[in-house]
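Each residue of the sequence shown is one higher than the last, beginning at 1 in the UniProt record's numbering.
Quick caveat, the hints were computed from the structure, so don't treat them as lab data.
Treat the hints loosely; a few may be bogus.
As the list claims (entries may be wrong) - Here are the computed lysine to any residue pairs in the SDA-like style, where the Cα-Cα straight-line distance is at most 25 Å:
no., residue 1, residue 2
1, LYS153, GLU110
2, LYS153, PRO8
3, LYS153, LYS168
4, LYS153, SER100
5, LYS153, GLU166
6, LYS153, ASP24
7, LYS153, MET108
8, LYS168, LEU133
9, LYS153, ARG49
10, LYS153, GLY130
11, LYS153, VAL140
12, LYS168, ARG151
13, LYS153, ILE4
14, LYS153, HIS142
15, LYS153, SER121
16, LYS153, ASP60
17, LYS153, HIS81
18, LYS153, LEU133
19, LYS153, ARG105
20, LYS168, MET108
21, LYS153, ALA9
22, LYS168, ASP132
23, LYS153, ARG165
24, LYS153, SER23
25, LYS153, GLY101
26, LYS168, THR37
Claimed, not checked - Estimated spans, in silico, between C-beta atoms of each pair:
no., residue 1, residue 2, range
27, PRO55, ASN109, 21 to 27 Å
28, PRO159, ASP88, 36 to 42 Å
29, GLU54, GLN16, 18 to 24 Å
30, GLU87, ARG25, 16 to 22 Å
Virtual Cβ for every residue (Gly too), placed ideally from N, Cα, C.
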Amino acid sequence: MTDIPEVPALLDTLEQSLRRYLSDRGITDPLLVGIRTGGVWIAGELHQRLGLNEPFGELDISFYRDDFSRIGLNPRVTPSHLPFETEDRDLVLVDDVVMSGRTIRAAMNELFDYGRPSSISLVALIDLGGRDLPIQPDVVAHRLTLPASQRVKLVGPDPLRIEVREVKA
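Taking the hints into account, I'd like the entire structure generated from these sequences.
Have a look at this one:
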């Protein structure tokens, strides 16, 4: 079994690293945006821990995926919800697991439909590597390498936990 810290410990690491990152970049008023579903759960935790005043946003990137025509529409698609203006703001895009970079590319495409942010920083609970696109998280709690036959999944929301699952070839 792969040794992955428990989610509360990962969240502690992520919070501390994000605080340091924001301070180093001089970002004092970030807006958090979680990618459904796991990224929203993580964004909610970070939002509370950071004590941010503005609400956090939620993205459903289903229509922005580059494999949409191949995989079809997820039956649980819900509208994205950004309860703030994104123009000239510092956004922190939050996802649970980053692997190929394709989900993040789709999320950024959608974010730019709302306006032109001043910056977008990427935060991830787990980085699996294996990029198809040159997209890297700015802040990550844990880097992990898995065999091709395995994937990691954040399950929740209460409690949040990490599962390693076998995938069919």
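The hints, checked one at a time:
Simply put, LYS153 and GLU110 have alpha-carbon atoms about 23 Å apart, close enough for the 25 Å limit, and the pair holds. Proximity of LYS153 to PRO8 is assessed by CA-CA distance (about 15 Å); at most 25 Å being required, the pair is judged to hold. The hinted pair formed by LYS153 and LYS168 meets the criterion: a straight-line CA distance of about 15 Å does not exceed 25 Å. Proximity of LYS153 to SER100 is assessed by CA-CA distance (about 15 Å); at most 25 Å being required, the pair is judged to hold.
A distance of roughly 11 Å separates the Cα atoms of LYS153 and GLU166; the hinted pair therefore holds under the 25 Å criterion. The hinted pair formed by LYS153 and ASP24 fails the criterion: a straight-line CA distance of about 31 Å is larger than 25 Å. For a cut-off of 25 Å, the pair hint linking LYS153 to MET108 stands: about 22 Å separates their Cα positions. The straight-line distance between the Cα atoms of LYS168 and LEU133 is roughly 23 Å, inside the 25 Å bound, and the hint therefore holds.
About 23 Å separates the Cα atoms of LYS153 and ARG49, which keeps this hinted pair within 25 Å; it holds. Proximity of LYS153 to GLY130 is assessed by CA-CA distance (about 16 Å); at most 25 Å being required, the pair is judged to hold. Note on LYS153 and VAL140: the hinted pairing holds, with a Cα-Cα distance of about 16 Å set against a maximum of 25 Å. Taking the CA atoms of LYS168 and ARG151, the gap is about 10 Å. The hint holds against a cut of 25 Å.
Taken as a hint, the LYS153 and ILE4 pair is honoured in the structure, with Cα atoms around 12 Å apart against an allowance of 25 Å. With a C-alpha separation of about 14 Å, the suggested pairing of LYS153 with HIS142 holds against the 25 Å cut-off. Restraint check: the Cα-Cα separation between LYS153 and SER121 comes to about 22 Å, which is no more than 25 Å; the hinted pair holds. Between LYS153 and ASP60, the direct Cα distance comes to roughly 17 Å. Compliance with the 25 Å bound is thereby established for this hinted pair.
Taking the CA atoms of LYS153 and HIS81, the gap is near 23 Å; set against the 25 Å cutoff, the hint holds. Proximity of LYS153 to LEU133 is assessed by CA-CA distance (about 21 Å); at most 25 Å being required, the pair is judged to hold. Of the supplied pair hints, the one linking LYS153 and ARG105 holds, its CA atoms being roughly 20 Å apart against a limit of 25 Å. As the CA atoms of LYS168 and MET108 are separated by approximately 30 Å, the hinted pair breaks the 25 Å bound.
Straight-line distance between C-alpha atoms of LYS153 and ALA9 comes to about 16 Å, which keeps the hinted pair within the 25 Å bound. Between the alpha carbons of LYS168 and ASP132 the distance comes to roughly 20 Å, so the proposed pair stays at or under 25 Å and holds. With a C-alpha separation of about 7 Å, the suggested pair LYS153 and ARG165 falls inside the 25 Å cut-off, and the hint holds. With a CA separation close to 30 Å, the supplied pair LYS153 and SER23 exceeds the 25 Å bound.
Distance hint between LYS153 and GLY101 is fulfilled; the C-alpha atoms sit about 16 Å from each other, no more than 25 Å. This hinted pair checks out: LYS168 and THR37 have alpha carbons roughly 22 Å apart, not beyond 25 Å. Between PRO55 and ASN109 the Cβ separation comes to about 22 Å, which falls inside the hinted range of 21 to 27 Å. Between PRO159 and ASP88 the Cβ separation comes to about 37 Å, which falls inside the hinted range of 36 to 42 Å.
Here the CB-CB span from GLU54 to GLN16 is close to 22 Å, well matched to the stated 18 to 24 Å. At about 19 Å, the CB distance of GLU87 to ARG25 agrees with the hint of 16 to 22 Å.
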